[in-house]
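Asker: Go ahead and model the full structure; you've got the sequences and the hints to work with.
Number of protein chains: 2
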Amino acid sequence: MPTQPVASRDPRLATAPLLAAARRERPAHTPVWFMRQAGRALPEYRKVREGISMLDSCRRPELVTEITLQPVRRYGVDAAIFYSDIVVPLKAAGVALEIRPGVGPVIEEPFRTKADLDRIPELEPEMIPDIAESVRLLTAELGATPLIGFAGAPFTLASYLVEGGPSRDLAKTKALMYSDPQLWKALLDRLAQISAAFLKVQVAAGASAVQLFDSWVGALPLADYRSFVQPASASVLKAVKELDPTVPRIHFGVQTGELLPAIGEAGADVVGVDFRVPLDVASARLGPDYAVQGNLDPALLFAPHELLGERVRKTLEAGRAAPGHIFNLGHGVMPDTDPDALRFVADTVHSWSPDA
Amino acid sequence: MPTQPVASRDPRLATAPLLAAARRERPAHTPVWFMRQAGRALPEYRKVREGISMLDSCRRPELVTEITLQPVRRYGVDAAIFYSDIVVPLKAAGVALEIRPGVGPVIEEPFRTKADLDRIPELEPEMIPDIAESVRLLTAELGATPLIGFAGAPFTLASYLVEGGPSRDLAKTKALMYSDPQLWKALLDRLAQISAAFLKVQVAAGASAVQLFDSWVGALPLADYRSFVQPASASVLKAVKELDPTVPRIHFGVQTGELLPAIGEAGADVVGVDFRVPLDVASARLGPDYAVQGNLDPALLFAPHELLGERVRKTLEAGRAAPGHIFNLGHGVMPDTDPDALRFVADTVHSWSPDA
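Chain order of the listed sequences is F and H.
So the first sequence is residues 1 to 356, counted in my numbering.
So the second sequence is residues 1 to 356, counted in my numbering.
To be clear, the hints were calculated from the coordinates, so they are not data collected in a lab.
Take these hints with a grain of salt, some might be off.
Same chains, same label: a pair holds when it works inside one copy or across any pair of copies.
To be verified - The list that follows gives simulated cross-link-like pairs (lysine to any residue, SDA-like), each with its CA atoms no further than 25 Å apart:
#, residue 1, residue 2
1, Lys314, Pro261
2, Lys172, Asp338
3, Lys314, Gln182
4, Lys185, Glu310
Answerer: So this is what it looks like as C-alpha cells:
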C-alpha cells in the first residue's frame with residue numbers, strides 16, 4: 001500500500017476537550033460522547049434510513065455525513081463517531097455477508113478452514129473511496145469538533161466470520177482458536193490488515209482520533225487474550241500510530257474488567273471501560289499511562305433524571321482518579337433510549353465541576 | 001409454612017470430597033462436577049427426553065432421577081446436580097410460561113405493574129410433592145455421592161418475568177429496577193420466597209448442598225447489586241441455613257468478577273467463579289472465609305486434550321490459593337460438547353496431585 005498523506009486538520013482541534021483528555025490533560029470540562037450515539041434511538045435517523053439497508057447507508061457519503069452529524073447537533077457532544085458498522089470493511093474487501101434486521105450480521109459461508117482465507121481479500125484504500133469522501137465531508141462540517149474514526153478489532157471481526165452471525169458464547173470461535181492456533185493466527189493477521197486499512201483511510205482523510213471496538217473480546221480469559229488476540233490488535237493500533245502519532249487511539253470492549261491492562265498494552269492511549277468496573281478501580285488497574293473512557297450503564301438512561309444525574313456525577317467523580325477522562329456509556333446506546341435522557345446526560349457532564 | 005423435618009442422610013456423606021471442600025477442608029482429591037452436566041450434551045439424555053417437553057420432564061420423578069444420575073455414571077463426578085430448570089418453581093407456583101425449544105423460557109404476560117404481582121403466587125411445598133419425591137429417589141440411589149439442590153436466584157427469575165424471555169442487555173429489567181424501586185423490591189421479595197421454598201423442599205428431602213444460580217446478575221454494577229439484589233438473595237440463602245446449617249450453600253453468576261465479595265456476603269459458603277477471573281485472583285478478592293468453585297472456560301472442552309489437560313492443571317493450581325476448591329466449569333456445559341472431553345477433565349482432576 002502506498003504511504004497515505006494525512007489531511008491537514010482544523011487548528012482549533014489542538015485544544016478540543018476530547019483530544020486534551022486523551023492526552024491526559026484536564027480540559028475546562030470533561031468531554032462526552034456516546035457509543036452508538038448515531039442510530040436507532042433518533043427519529044431523524046430512522047427517517048433518513050427509510051428504505052435504505054444498513055450496509056448501503058454506510059457507503060453513501062452524504063448520508064454517512066448526515067447520520068454522523070445528527071447526534072452532534074442534538075446532544076452537543078464533544079465528538080462525532082464515524083457512522084459505520086463493524087462488518088463494513090469485510091464487505092468492502094469482498095466477503096459475502098449481509099446485515100439482517102433484528103438479527104445482525106450474517107456471513108454467507110462461515111469461516112472454517114484454511115481455504116476460507118482466500119475468501120477474505122486484503123482491503124485496499126481504492127476499495128473505499130467513499131469512506132475517505134465521507135470523512136472529508138464530515139471534517140469540513142465539524143470544524144472544531146473531533147471526528148473519531150471507527151473500526152472493529154480483529155477478534156470481534158473473526159467472531160462474526162466464524163460463528164456466521166451473532167452468538168452468545170462464541171463457542172465456534174474459541175474452538176477454532178484452541179484447536180488450530182496457526183489458522184487462527186492467519187485469520188487474525190488478515191483481519192488486522194483490514195481493520196488497519198479501514199482506520200488509516202479515515203485518519204488520512206482527517207479523522208482526529210480512532211476507536212477500535214473489540215466488542216466481544218471480554219469472552220476470553222486474560223491468558224488467551226494475550227496469546228491469541230493482543231498481537232493482532234496491537235498491529236492495528238501500531239499502523240495508526242505510524243501513520244499519525246498525534247491521533248489518539250481509544251480501545252474498548254465489554255466485560256473486559258480482567259483484561260484492562262492488556263488492552264492498554266495493545267497500544268491504546270485511552271482505554272474504554274465497561275460499566276461493570278468503577279473508573280477509579282479501572283484506572284488503578286491501568287496505571288498512570290492511560291486515560292479512561294466511560295462508563296455509565298446505558299440502562300440508567302431509563303431511570304428518572306434524579307437517579308440518572310446522581311450516577312453521572314458519581315461517574316465523573318470516579319473519573320477524576322484517572323489521568324484523563326472521556327465521559328461515555330459503558331456500552332452502546334440501547335434502541336429504545338429517549339434522546340432527551342442523552343441530552344440531559346451531556347448537559348450534566350458539561351455543567352459539572354469537581355469542586356461544586 | 002410449617003417447619004419441614006429434614007430427612008436423615010447417608011452417613012458416608014460426612015467425608016464426601018465435595019462437602020469437605022465446601023467446608024474449606026482439603027479432601028484427598030479435588031472434587032469435580034459440571035454445571036449443566038445433565039442434558040443436551042448426552043445422547044442418553046436426548047433419548048429419554050424424546051417426545052417430552054422440558055418442563056414436563058422436570059416434574060416426573062423417575063425421569064428426573066434418571067437424568068440427574070446419567071452424568072454421575074458417565075463421568076464419575078463428585079456430585080449430582082438436581083435436574084431442573086430455573087423457571088420450574090415459577091410455573092409450579094402458577095405463573096403462565098413455557099420453554100420454547102431453541103428460544104428458552106417465554107412468559108405469557110411479562111411483568112410490568114403492581115397488579116402483575118397477583119399473578120405470581122407464593123410457592124408452597126404441597127405444590128411440588130414430585131420435587132421432594134425426586135430428591136428421595138435420587139439420594140437413595142446416590143448413597144455416598146452428594147446431591148446438590150438447584151434453584152434460580154431472585155434477580156435472574158425477575159429478568160425472565162420482566163423481559164418476557166431471554167434478553168442480551170436486560171434493558172427492561174434494569175428500567176423497572178431504576179424507575180420503580182418499590183415495585184422491584186416487592187417482586188424480588190416474592191421471588192425470594194419462591195426460590196427459598198424450592199430449595200427448602202430439596203434440602204428437607206435429603207439434598208446435601210444447594211446451588212443458587214444468579215445467572216445474569218453480572219449485568220449489574222456493584223452498587224446496584226448491593227442495593228437492589230443482595231437482600232433478596234440473602235433471604236434465600238438464610239432460609240436454607242435456618243432449615244439446615246450443615247448444608248453448604250454455593251452461589252454463582254457469570255460476569256461477576258467485580259461482584260464476588262458481595263455475592264459471598266449474600267450468605268454463601270462457596271462462591272462460583274466465572275471463567276474470566278483466575279481462581280487465585282478470585283480468592284484474593286473473597287478473602288479466607290469462602291471456598292471457590294470453578295472455573296474452566298467451557299469452550300476449552302473443544303480444545304485438543306493436550307491443551308485441555310494443561311488448562312485443567314492450571315485451574316487446579318490456582319484453586320490451591322483458596323481455602324477450599326470445587327472444580328467446575330466457569331459456565332454451563334455447551335450443547336455440542338463431546339462427553340469424552342468431560343470424562344477426560346474429571347479423570348484429570350481426580351488424578352492430579354499438587355506435588356507432582
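Asker: Using 25 Å as the alpha carbon limit, work out where lysine 172 and aspartate 338 are close: within a copy, between copies, both or neither.
Answerer: between (36 Å within a copy, 14 Å between copies)
Asker: If the cut is 25 Å between Cα atoms, do lysine 314 and proline 261 qualify within a copy, between copies, both or neither?
Answerer: For lysine 314 and proline 261, both the intra-copy (23 Å) and inter-copy (21 Å) Cα distances are at most 25 Å.
Asker: Please work out whether the CA atoms of lysine 185 and glutamate 310 approach to 25 Å or closer within one copy, between two copies, in both situations, or in neither?
Answerer: between (45 Å within a copy, 21 Å between copies)
Asker: Checking lysine 314 and glutamine 182: alpha-carbon separation at most 25 Å within a copy, between copies, both or neither?
Answerer: between (45 Å within a copy, 23 Å between copies)
The structure is consistent with each of the numbered hints, conforming to all of them.
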